[in-house]
Amino acid sequence: MSDKPKGWKELPIGGKIIEPGSARVYKTGDWKTFRPVIDREECIDCLFCWLYCPDMAIELKEEGISEVNLDYCKGCGICVEVCPKKCICMEKEER
Amino acid sequence: MTGRSAKPVPLTGANAASEAMRQINPDVVAAYPITPQTEIVMGFSNFVNDGVVDTEFVPVESEHSAMSACVGASAAGARAMTATSANGLALMWEIVYIAASTRLPIVMPVVNRALSGPINIHCDHSDSMGARDSGWIQIYCENAQEVYDNIIAAVRIAEHSDVLLPVMVMQDGFITSHSLERVLVNEDSKVREFIGTYKPEYPLLDTDNPVTYGPLDLFDYYFEHKRQQSEALKNVPGVAEKIYAEYEKASGRKYNRVETYRMDDAEHVIIALNSTVGTAKDVIDSKRDQGIRAGLVFPRMFRPFPAEELSGLLSGRKSAAVLDRSEAFSGQGGPLFAEIRSALYESDDKPLVMNYIYGLGGREITEEHIGSVIDTLKDTASSGKVKEKINYLGVR
Chain A
2 MSDKPKGWKE LPIGGKIIEP GSARVYKTGD WKTFRPVIDR EECIDCLFCW
52 LYCPDMAIEL KEEGISEVNL DYCKGCGICV EVCPKKCICM EKEER
Chain B
35 MTGRSAKPVP LTGANAASEA MRQINPDVVA AYPITPQTEI VMGFSNFVND
85 GVVDTEFVPV ESEHSAMSAC VGASAAGARA MTATSANGLA LMWEIVYIAA
135 STRLPIVMPV VNRALSGPIN IHCDHSDSMG ARDSGWIQIY CENAQEVYDN
185 IIAAVRIAEH SDVLLPVMVM QDGFITSHSL ERVLVNEDSK VREFIGTYKP
235 EYPLLDTDNP VTYGPLDLFD YYFEHKRQQS EALKNVPGVA EKIYAEYEKA
285 SGRKYNRVET YRMDDAEHVI IALNSTVGTA KDVIDSKRDQ GIRAGLVFPR
335 MFRPFPAEEL SGLLSGRKSA AVLDRSEAFS GQGGPLFAEI RSALYESDDK
385 PLVMNYIYGL GGREITEEHI GSVIDTLKDT ASSGKVKEKI NYLGVR
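Chains as they are written, first to last, in my numbering: chain A, 2 to 96; chain B, 35 to 430.
Worth flagging that the hints you see were computed from the coordinates, not collected in a lab. Errors might be hidden in some of the hints.
[Stated by the list, open to error] Only pairs whose alpha carbons sit at most 27 Å apart, straight line, appear in this in silico DSS-like list of lysine-lysine: (1) B:Lys260 to A:Lys17; (2) B:Lys260 to A:Lys7; (3) A:Lys10 to B:Lys260; (4) B:Lys423 to A:Lys5; (5) A:Lys28 to B:Lys260; (6) A:Lys7 to B:Lys268; (7) B:Lys233 to A:Lys17; (8) B:Lys268 to A:Lys10; (9) B:Lys419 to B:Lys384; (10) A:Lys87 to A:Lys75; (11) B:Lys315 to B:Lys423; (12) B:Lys276 to B:Lys41; (13) B:Lys260 to B:Lys233; (14) A:Lys17 to A:Lys75; (15) B:Lys41 to B:Lys224; (16) A:Lys17 to B:Lys268; (17) B:Lys41 to B:Lys288; (18) B:Lys421 to B:Lys352; (19) B:Lys421 to B:Lys384; (20) B:Lys233 to A:Lys10; (21) A:Lys10 to B:Lys276; (22) B:Lys352 to B:Lys423.
These numbers come from a predicted model, not from an experiment.
Turn these sequences into a full structure, and let the hints guide you.
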């Protein structure tokens with residue numbers, strides 16, 4: 002989570018999550034060691050990467066694919082594998 | 035449910051548990067229907083068959099599934115119960131912990147019988163003592179009446195909003211579970227009034243307010259959830275005493291987390307659980323007739339452990355013997371002994387304390403055995419020295 006995690010007095014008991022859609026606030030992006038970079042010159046907006054991304058980290062805009070949402074991208078590289086134009090590459094994450 | 039309206043009925047300990055379950059009328063009972071199960075579930079399934087309860091009865095294929103189904107039912111918002119014994123409890127182990135950590139107020143009568151191996155079906159406390167650190171509340175019972183009363187009280191303790199933890203209610207295998215006793219049974223309507231309607235917090239079946247149960251809980255939250263469990267256990271003594279007081283008002287029968295017998299001026303104290311408490315009371319009476327100031331402490335609620343009460347009760351006495359009907363294999367005596375020694379650590383006036391492991395695998399414990407323990411307590415007090423810290427009573 003981006004905010005300060007709750008302590009035992011504030012958390013719901015028993016490991017329950019009492020609101021739906023909480024995966025949205027659980028940011029998994031810091032797991033990755035490689036980040037996908039899309040070459041927009043070559044991209045044909047086929048949406049394969051959007052369709053296959055297991056974390057819905059490829060976001061859409063009116064005109065097609067926008068950037069990768071790095072808050073959620075775990076760097077699995079599936080988008081690189083499925084891209085028919087081979088225009089996504091993985092770059093080492095710098096910290 | 036006044037003392038007057040209660041009806042005396044001949045019941046075994048197992049029957050007494052089934053009868054309490056009938057009156058509680060749980061929404062779901064999931065249980066493994068054959069051995070190591072006891073007559074508790076057999077009796078209850080007869081009530082299901084006769085249509086006298088509204089319970090959804092799930093005859094599962096194993097004890098692991100029995101507890102799993104109870105966890106699911108309880109999370110869904112149902113009042114869920116099961117019963118087990120010995121290796122059945124061992125088989126449900128994984129889910130026993132999950133029930134407690136998911137904070138599900140399941141009530142489970144347990145008939146204490148020896149864990150294999152070697153294979154044995156008779157009484158000892160190795161089954162429930164193995165589960166003593168699973169996060170469940172544990173209540174031990176001397177006889178069928180206590181089994182009946184404590185199962186009913188356990189429902190209220192488990193479901194209290196400051197607690198929300200599962201409860202095991204123990205009785206001795208065969209000695210209590212299969213012996214016919216006179217049990218005062220409350221009126222059905224009064225039991226239902228006492229336990230009330232279960233109002234679950236965040237039930238899974240409330241689809242307008244979706245919740246998630248049992249998510250992955252790693253290094254970032256697991257510790258906080260365990261800390262909450264410790265806090266809930268700390269709330270149990272206050273809640274239990276309040277519920278026991280309410281139960282006394284309703285039934286005329288009084289319970290405490292710690293029961294004492296002839297302790298006012300006792301110098302030599304026996305500490306025991308379950309049916310041995312009854313035998314020990316008789317022996318204490320005859321030793322008293324011989325002028326020996328003997329007394330008994332029965333920590334009925336073993337989890338959470340009533341350490342302060344025991345320390346208070348035992349401090350200033352001359353000697354004490356802790357009777358353990360299971361071996362912990364810790365090299366430090368039985369589980370009850372370890373707890374009591376730890377509870378006495380801060381006491382400035384500790385008695386000399388000895389441990390007696392007894393009755394394993396159903397080995398009989400007689401009045402003579404307990405008499406010899408009291409004699410040894412007296413000798414120990416006179417000599418001022420414990421000869422043998424850990425003793426085995428009745429072994430060849």
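Verification of the hints:
Restraint check: the Cα-Cα separation between Lys260 (chain B) and Lys17 (chain A) comes to about 13 Å, which is no more than 27 Å; the hinted pair holds. Distance restraint check for Lys260 (chain B) and Lys7 (chain A): the Cα-Cα separation of roughly 14 Å lies within the 27 Å cut-off, and the hinted pair is therefore satisfied. This hinted pair checks out: Lys10 (chain A) and Lys260 (chain B) have alpha carbons roughly 12 Å apart, not beyond 27 Å. Taking the CA atoms of Lys423 (chain B) and Lys5 (chain A), the gap is about 51 Å. The hint is violated against a cut of 27 Å.
Distance check on the hinted pair: Lys28 (chain A) and Lys260 (chain B) sit about 23 Å apart at the alpha-carbon level, within 27 Å; holds. The straight-line distance between the Cα atoms of Lys7 (chain A) and Lys268 (chain B) is roughly 21 Å, inside the 27 Å bound, and the hint therefore holds. Of the supplied pair hints, the one linking Lys233 (chain B) and Lys17 (chain A) holds, its CA atoms being roughly 17 Å apart against a limit of 27 Å. Under the criterion of a C-alpha separation no larger than 27 Å, the hint pairing Lys268 (chain B) with Lys10 (chain A) is consistent with the structure, at around 14 Å.
Between Lys419 (chain B) and Lys384 (chain B), the direct Cα distance comes to roughly 13 Å. Compliance with the 27 Å bound is thereby established for this hinted pair. A distance of roughly 20 Å separates the Cα atoms of Lys87 (chain A) and Lys75 (chain A); the hinted pair therefore holds under the 27 Å criterion. With a C-alpha separation of about 23 Å, the suggested pairing of Lys315 (chain B) with Lys423 (chain B) holds against the 27 Å cut-off. Distance restraint check for Lys276 (chain B) and Lys41 (chain B): the Cα-Cα separation of roughly 25 Å lies within the 27 Å cut-off, and the hinted pair is therefore satisfied.
Distance hint between Lys260 (chain B) and Lys233 (chain B) is fulfilled; the C-alpha atoms sit about 24 Å from each other, no more than 27 Å. A threshold of 27 Å between alpha carbons decides the hint, and for Lys17 (chain A) with Lys75 (chain A) the separation of about 25 Å falls inside it, so the pair holds. As the CA atoms of Lys41 (chain B) and Lys224 (chain B) are separated by approximately 12 Å, the hinted pair is consistent with the 27 Å bound. For the hint linking Lys17 (chain A) to Lys268 (chain B), the alpha-carbon distance of about 21 Å falls within 27 Å, and the restraint holds.
Simply put, Lys41 (chain B) and Lys288 (chain B) have alpha-carbon atoms about 17 Å apart, close enough for the 27 Å limit, and the pair holds. A threshold of 27 Å between alpha carbons decides the hint, and for Lys421 (chain B) with Lys352 (chain B) the separation of about 15 Å falls inside it, so the pair holds. Proposed proximity of Lys421 (chain B) and Lys384 (chain B) is supported: the alpha carbons are some 16 Å apart, at most 27 Å. Restraint check for Lys233 (chain B) and Lys10 (chain A): the C-alpha separation of about 22 Å stays at or below 27 Å, so the hint holds.
Proposed proximity of Lys10 (chain A) and Lys276 (chain B) is supported: the alpha carbons are some 24 Å apart, at most 27 Å. Our distance criterion of 27 Å between C-alpha atoms is met by Lys352 (chain B) and Lys423 (chain B), whose separation comes to about 15 Å.
Checked against the numbered hints given earlier, the structure breaks only hint 4 and satisfies all the rest.
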